[in-house]
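There are 2 protein chains.
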Amino acid sequence: MQVITLNKLDLELYHEKLDNGLDVYIIPKANINNAYVTFNTKFGSKHQEFVPIDGKKMIKVPDGVAHFLEHKLFEQEDGTNPFAFYAEHGADANANTSQHKTTYLFSSSTDLEKNLEFLLDFVQKPYFTDENVEKEKGIIEQEIKMYQDDPFFTLYEKSIYNSICKHPIKIPIIGTVESINSITKEDLYACYNTFYHPSNMFLVITGNVNPEIILSVIKNNQNKKEFMTLKSKIKIKDYNEPDKVAKTKEKISMNIAIPKVSSTYKINISNISDIPRRDIIEYILLYFEMKFSSTSEFNDKLKEMHIINTNLDYMLVDVDTHILIIILAETEKPQKLLSMLESEINEFNVDLETFERKKKNIISSYIYMSDSIFRINNWVTSMIVREGEIIADEYQEIRNLSFDDLKKIIDNINFDNHNYVVINPKK
Amino acid sequence: MQVITLNKLDLELYHEKLDNGLDVYIIPKANINNAYVTFNTKFGSKHQEFVPIDGKKMIKVPDGVAHFLEHKLFEQEDGTNPFAFYAEHGADANANTSQHKTTYLFSSSTDLEKNLEFLLDFVQKPYFTDENVEKEKGIIEQEIKMYQDDPFFTLYEKSIYNSICKHPIKIPIIGTVESINSITKEDLYACYNTFYHPSNMFLVITGNVNPEIILSVIKNNQNKKEFMTLKSKIKIKDYNEPDKVAKTKEKISMNIAIPKVSSTYKINISNISDIPRRDIIEYILLYFEMKFSSTSEFNDKLKEMHIINTNLDYMLVDVDTHILIIILAETEKPQKLLSMLESEINEFNVDLETFERKKKNIISSYIYMSDSIFRINNWVTSMIVREGEIIADEYQEIRNLSFDDLKKIIDNINFDNHNYVVINPKK
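So the protein lines, in turn, are chains A and B.
Read in order, the letters of the first sequence are residues 364 to 790 in this note's numbering.
Read in order, the letters of the second sequence are residues 364 to 790 in this note's numbering.
One thing to keep in mind: the hints can contain errors.
One copy or two, either will do: identical chains are not told apart, so a pair holds if it fits within one copy or between any two.
[Claimed, not checked] With a straight-line cut-off of 30 angstroms between C-alpha atoms, the simulated DSSO-like cross-links for lysine-lysine are:
(1) Lys699 to Lys721
(2) Lys722 to Lys696
(3) Lys508 to Lys789
(4) Lys789 to Lys722
(5) Lys664 to Lys405
The hints are simulated quantities; they were obtained by calculation from the structure and are not laboratory data.
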């Protein structure tokens, strides 16, 4: 096993790639009572056009397949219900699908080995039939309808949809009623066989564990199973996403009390400078944090002017060559807020002192992460998905961020590619 | 059915008390796709000494019984698993136990009537055996151990434990390993028969529903069932909680990276003035919000002095005659922070303008609530538990809060009864 010391975290990360390609990451943390295990595949809603493991030609699967597949793995041929199994073994289990990955997880303070083997087994034992695929459609349709009632969720989805021209991140993770209804068990098996191949998956185990023992449990389990032969890297379609947004504005009505607004900036990060991609994202996030967080001067000003009552919020969406920054707010004066946001974003009125304070914040959260086996696990998981590797000294990387580079990067960004969505109360 | 119009929310609340004593509250919201249903009993961890429905003498049940009972209602005699039932019927189900109440809930956009009947049925069909009670102990023991690893949870529990002398709110909701192991099925039935009597429970239904139809479904369901006769109001022990805290300071060590601190103020609200209890609590919360929230000057000052990196946090615990306000922070300088908090709290340096802005905030959250059937439901539920009745015009009540009354109340509060807990990293 490879052992990596994580600087300033007082933790060691054990890594081994098994013969079948599965990457195993273990971070032991002593003196605590439980363990947290995630089993991840690099398969999310954005992986829509690809060459299947046993095919030669690119295929396109219906919107929402990754999430549908996640649901269906909880149905086992022998009738076992994974949630019931974990409830009986003192563990909490769950799963989630994002644009970039699907994660199956449990946490428990007892029966770790049994629970871990069960996780590997149920995720690696697909059981899709015409009947059970058909039955799931109704369940997911109801889930889709429930999301549709949430105004902030609607803002988020519309913001992405209107910003992106070609990239499949455009599409809601859960799909649409129409797309879901077109899913077949053949679609599910094509995705499953390709993206749930061990070489496209990884396990992250954090908590009170012995790396050697855990690894041998995993190896024994994996050695008993057979997988298809992967001839080459999975081929996924490339999208030549333009810089322009697909639609600049949209107004909708919903059954709400206070209007809600999103303002989205689309930024091409593939041609900004020779600084590493993750640093560019970190700089842009710092910039937005300084300018639009709840502690920013601009946020205070909006409150004093009674344009907002609750704080601004913002989030980042990673679109490979681009990123989207979505600013969200509730306001009785949507147009006034939008024009103020636009002029504010183009003014580089941030100072070194605030920059250093925000950096200190990030460093503190980084160190604080080591207090929680959940946060450590999420940190490893998203790093593997985003970077494909472990950054052992993120502490030093954050420390090295400089105000000069921030200025250079922000100067190079064109904030002209943006759009907005307004949700008004229904009359 | 009684119909109450909720001022400024554009909503109507339908209420009916059934013959068996069950209160039903329905708030229809059109143009959305789903409904949210909570089935609540006014039974939480604080209800520890009481006269059982079929007894004459006060009994004392082991710590953690309410939460244990919540777990056990999910085990049905016929082997049905409520989670599995709801998953198959397109619904999400859950339950939670607080110091004051236990809630069983589901949300769904389909099969509302079937899901609602199932909720009434599984909660009203207890099945406790010596064997299944014994088996549950191991599961809850593991849950207790998992909580013990969370530093903020530990801070919260220690803060309450050290602040309170007699009131059973002192005790962790989940109990201790020892107390859990002493629970018998007789304890569970004593609590169940007393506190799960329909007259001590209430249903809250929010969403796209027709009040008349839903009410008739509930009535039909309840009319088929028999309950014990309740001769009088449930008798619960009174605790004469003193104003002093039980312990003024405690330092512990955990496996963490950054020290964490809590500072807790114990305030007797039973003798402050003739203003209604809920207004007193609102004023005290406003005061703490102005002084210690992330947007307060004091929070900014602590950041500039590099005493904190992440914002202060605070929470309120309702202890009947008293309230606790717990301020939480991460800091490398615990003693400095604690002394600054102490001098800050005693200085009435808040102004009318900030007061009015914070009031606007509360009014905005109040109106915003009507955008979500979850928030409306929680609002009704906590009002029933706290106030025992619906406040139809909370909007006007918030508007009427005055800066003069704030000053009068704060002047009457003695902030001397306080304590702190510091968690240091293990060496």
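A quick look at each hint next to the structure:
1. Lys699 to Lys721: So Lys699 and Lys721 pass the 30 angstroms test inside a copy (28 angstroms) and across (22 angstroms) alike.
2. Lys722 to Lys696: Between. Shortest inter-copy distance 19 angstroms satisfies the 30 angstroms Cα cut-off; intra-copy 33 angstroms does not.
3. Lys508 to Lys789: within (18 angstroms within a copy, 49 angstroms between copies)
4. Lys789 to Lys722: Only across copies: Lys789 and Lys722 sit 26 angstroms apart there, 43 angstroms inside one copy, limit 30 angstroms.
5. Lys664 to Lys405: Neither: 42 angstroms inside a copy, 44 angstroms across copies.
Hint 5 alone, counting from the list given before, is not met by this structure.
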